[in-house]
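Participant: Model the full structure from these sequences, guided by the hints.
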Amino acid sequence: MVSQLNPAWQRKSAASSRLAEISARFPDATQAATQGKNDVCRAIPFLLDTPEQHWITDELSHILTERGHPCTLCPPGEAHRIEHSSGEVQTGTTSAGNEYCLLAVPCPVTLLKSGIDHVVLLVPASLDGIRTAYQRIKLFSQHGTPEIGIVLVGPRDQHAAWRYFRKLAVATLRYLDVPLLNLGFLPEQIGPGQDAEASHRHNFLARISERLLHSGFYSTLTITRP
Amino acid sequence: MQLNIESVKTPDRERLHSLLIGATDQIAGTGANILEPRLRWDGQPILLADANLHPVLISFEPEHSEVALLNGLRGIEQLHNALPWINQVYESLQQQQQPPKLVVIAKEFPPGATAVLGLCPGLSLYRYHLLTVNGEIALWLEHLELTPATLPAQESAPQKDAAALPQQASNDILPPLSEAEAAYFQQL
Numbered sequence: 001m002v003s004q005l006n007p008a009w010q011r012k013s014a015a016s017s018r019l020a021e022i023s024a025r026f027p028d029a030t031q032a033a034t035q036g037k038n039d040v041c042r043a044i045p046f047l048l049d050t051p052e053q054h055w056i057t058d059e060l061s062h063i064l065t066e067r068g069h070p071c072t073l074c075p076p077g078e079a080h081r082i083e084h085s086s087g088e089v090q091t092g093t094t095s096a097g098n099e100y101c102l103l104a105v106p107c108p109v110t111l112l113k114s115g116i117d118h119v120v121l122l123v124p125a126s127l128d129g130i131r132t133a134y135q136r137i138k139l140f141s142q143h144g145t146p147e148i149g150i151v152l153v154g155p156r157d158q159h160a161a162w163r164y165f166r167k168l169a170v171a172t173l174r175y176l177d178v179p180l181l182n183l184g185f186l187p188e189q190i191g192p193g194q195d196a197e198a199s200h201r202h203n204f205l206a207r208i209s210e211r212l213l214h215s216g217f218y219s220t221l222t223i224t225r226p
Numbered sequence: 001m002q003l004n005i006e007s008v009k010t011p012d013r014e015r016l017h018s019l020l021i022g023a024t025d026q027i028a029g030t031g032a033n034i035l036e037p038r039l040r041w042d043g044q045p046i047l048l049a050d051a052n053l054h055p056v057l058i059s060f061e062p063e064h065s066e067v068a069l070l071n072g073l074r075g076i077e078q079l080h081n082a083l084p085w086i087n088q089v090y091e092s093l094q095q096q097q098q099p100p101k102l103v104v105i106a107k108e109f110p111p112g113a114t115a116v117l118g119l120c121p122g123l124s125l126y127r128y129h130l131l132t133v134n135g136e137i138a139l140w141l142e143h144l145e146l147t148p149a150t151l152p153a154q155e156s157a158p159q160k161d162a163a164a165l166p167q168q169a170s171n172d173i174l175p176p177l178s179e180a181e182a183a184y185f186q187q188l
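Chains as they are written, first to last, in the numbering used here: chain C, 1 to 226; chain D, 1 to 188.
There's no promise every hint is true.
Okay, derived cross-link-like pairs now, DMTMM-like style, lysine to aspartate or glutamate, Cα gap no bigger than 20 Å in a straight line [unchecked claim]:
hint : chain 1 : residue 1 : chain 2 : residue 2
1    : D       : Lys-9     : D       : Glu-61
2    : D       : Lys-107   : D       : Glu-61
3    : D       : Lys-107   : D       : Glu-14
4    : C       : Lys-167   : C       : Glu-188
5    : C       : Lys-167   : D       : Glu-181
6    : C       : Lys-167   : D       : Glu-179
The hints are simulated quantities; they were obtained by calculation from the structure and are not laboratory data.
Facilitator: Spelled out as structure tokens, the structure:
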């Protein structure tokens with residue numbers, strides 16, 4: 001029997017029309033080059049459900065650095081535009097810079113303005129949490145859908161995480177035609193500042209970082225520094 | 001000793017800035033530390049950490065209170081969004097996750113400004129007066145309180161955390177669910 005993945009669990013391929021939509025949001029590709037110092041980096045934007053969740057991006061940043069992928073946190077206001085090469089967004093191993101840059105953003109509008117084409121949603125494992133995440137994805141889908149990865153925060157176990165993810169992914173596929181990428185989960189037992197759970201927490205975050213790296217889940221952004 | 005007090009004409013922005021730097025204890029409490037302006041914020045406010053390492057943004061204008069208020073609100077949103085990075089830049093905050101407070105200082109506030117206080121518990125308004133006392137320049141900061149007219153409305157309204165405001169605003173712009181979508185999300 002040939003196993004076939006439900007499209008909900010597969011990554012959406014980068015359609016040229018969608019890339020064109022994203023490109024159109026950047027009126028002047030030479031503008032950033034005239035302002036300050038520009039760095040090209042692999043940016044992974046995280047849309048937080050609450051600002052308190054930024055410990056997740058903090059620790060992921062450390063873990064990526066530990067694993068030999070220099071990584072910094074970046075304020076969203078600094079990320080000006082996607083660096084295009086021959087009209088294509090650079091992902092995977094074709095990026096110019098090797099440095100990763102995590103953008104922790106609590107407001108979806110900030111991301112819409114940044115024109116990113118990948119985003120990780122940190123979704124609380126609750127009915128309200130996935131409903132709000134769905135609405136956020138719906139908002140993105142009205143402005144040129146980026147690739148969307150999901151990290152469930154606070155499920156009881158893997159089984160519960162899978163149920164929440166499935167509920168959300170089926171809805172986005174059914175009503176918005178948007179597939180989601182499952183990047184993992186952080187169970188309820190782990191959280192910031194709990195030293196006893198540090199290694200446990202590290203393992204879950206390391207798994208998420210592996211999936212991010214393995215799937216080439218980033219946008220190549222030009223960061224303008226003053 | 002006889003006190004000779006006179007009012008002084010409106011100072012320029014730099015003068016007011018330096019006077020406010022000297023009055024941070026009065027604004028943010030004893031033990032407040034000024035955070036070096038390493039980041040560019042709209043309106044060039046003053047950023048402090050109070051004694052509890054709570055970030056405090058002081059937005060001020062010598063004349064235009066509306067500009068000070070709007071710049072302050074914009075700054076507080078930027079600060080809120082960039083809190084992880086702020087924590088990296090300013091080690092003295094010691095990775096605090098405290099929501100930022102906003103202090104707006106101007107010469108005069110427009111009618112209705114105190115009503116905004118009722119909606120934003122993290123906001124403080126100060127009216128400044130510049131005086132000379134026996135020839136020495138002195139800054140007098142007058143803390144604006146909620147007027148009685150706004151108090152009952154505040155008591156009946158649900159309390160909102162200042163930190164929750166940007167989050168609330170971000171949720172307000174989310175598109176509504178259709179009937180089918182709402183029904184789908186009724187249960188797991």
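Participant: Now look at each hint and say whether the structure bears it out.
Facilitator: Here's how the hints hold up against the structure:
no. : hint                  : in the structure
1   : D:Lys-9 x D:Glu-61    : holds, 14 Å
2   : D:Lys-107 x D:Glu-61  : holds, 8 Å
3   : D:Lys-107 x D:Glu-14  : holds, 15 Å
4   : C:Lys-167 x C:Glu-188 : holds, 19 Å
5   : C:Lys-167 x D:Glu-181 : holds, 12 Å
6   : C:Lys-167 x D:Glu-179 : holds, 17 Å
Every hint from the earlier list agrees with this structure, and none is contradicted.
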